Amino acid sequence: MTSASQIIHRLLVDDDRGRREYTLTASMYLIGRDPRCDICLFSQFVSRRHATIIQLPTEDGRYFYRIVDGTLKGRLSANGLLIGGRKLKSHELQNADEIVFGSHVKATYYQLNQESGLANDGSAMDTVIPDSF
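Heads up: the sequence shown at position 109 corresponds to 109 in the UniProt record's numbering, and the numbers run straight through without jumps.
Because the hints were derived from the structure by calculation, they are not lab data. Note that the coordinates shown come from a computational prediction; the quantities given were computed from them, not determined experimentally. Every residue, glycine too, gets a C-beta built ideally from N, C-alpha and C. Hints may be right or wrong, so weigh each one.
[What the hints assert, rightly or not] Listed below are the simulated DSSO-like cross-link pairs for lysine-lysine, each with C-alpha atoms no more than 27 Å apart in a straight line:
{"hint": "1", "residue 1": "K106", "residue 2": "K89"}
{"hint": "2", "residue 1": "K106", "residue 2": "K87"}
{"hint": "3", "residue 1": "K87", "residue 2": "K73"}
{"hint": "4", "residue 1": "K73", "residue 2": "K89"}
{"hint": "5", "residue 1": "K106", "residue 2": "K73"}
[What the hints assert, rightly or not] Computed spacing ranges between beta-carbons, pair by pair:
{"hint": "6", "residue 1": "E59", "residue 2": "G85", "range": "27 to 35 Å"}
{"hint": "7", "residue 1": "S43", "residue 2": "R75", "range": "13 to 21 Å"}
{"hint": "8", "residue 1": "R19", "residue 2": "N113", "range": "21 to 29 Å"}
{"hint": "9", "residue 1": "G18", "residue 2": "G74", "range": "15 to 23 Å"}
Given these sequences and hints, build the entire structure.
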């Protein structure tokens, strides 16, 4: 079994300013257009506080991330979240999940095995996001 320190959680963001990569290590991330957000998205189609990613523990001492539409206080974003083509208010992130925040604004979540460079599901990790939306 892989320990928590061997899994790297990554979020690749693609918006009006290009691509950025974030390694997730904190217990919470606020995502949105507001410059005070932990992960800023640059697009008029994104809410100021569009989504929140929270870290939650598993029974075996590891952790996973869940994304929630809006803030933890219950304030939802204007456009919501599309994950895997479905509009969801909350979702446990899985390797290679694509999150659409708005027109031309998306993120892809990856779990990487630190030692092998493979995705947590055993497939080769390729961090190149296609230019097409």
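| Is the straight-line distance between the alpha-carbon of K87 and that of K73 27 Å or less? | Given that 27 Å is the threshold and the Cα spacing comes to 19 Å, the pair holds.
| query | Is the hinted pair K106 and K89 satisfied, with a Cα-Cα distance of at most 27 Å? | reply | holds, 16 Å
| If you draw a straight line from the CA of K73 to the CA of K89, is it 27 Å or shorter? | Judged against 27 Å, a Cα distance of about 13 Å means the pair holds.
| request: Check the following: the C-beta atoms of S43 and R75 are separated by a distance inside 13 to 21 Å. | output: holds, 19 Å
| message | Run the distance test for K106 versus K73: straight-line Cα separation, threshold 27 Å. | response | holds, 23 Å
| field | Restraint check for K106 with K87, where alpha carbons must lie at most 27 Å apart | value | holds, 14 Å
| field | Pairwise beta carbon distance, G18 to G74, judged against the given window 15 to 23 Å | value | violated, 32 Å
| query | When you take the CB atoms of R19 and N113, is the distance between them in 21 to 29 Å? | reply | holds, 22 Å
| Is the distance from the Cβ of E59 to the Cβ of G85 consistent with 27 to 35 Å? | Given a distance of about 30 Å, which is inside 27 to 35 Å, the answer is holds.
This entry does not satisfy hint 9, going by the numbered hints stated previously; all others are met.
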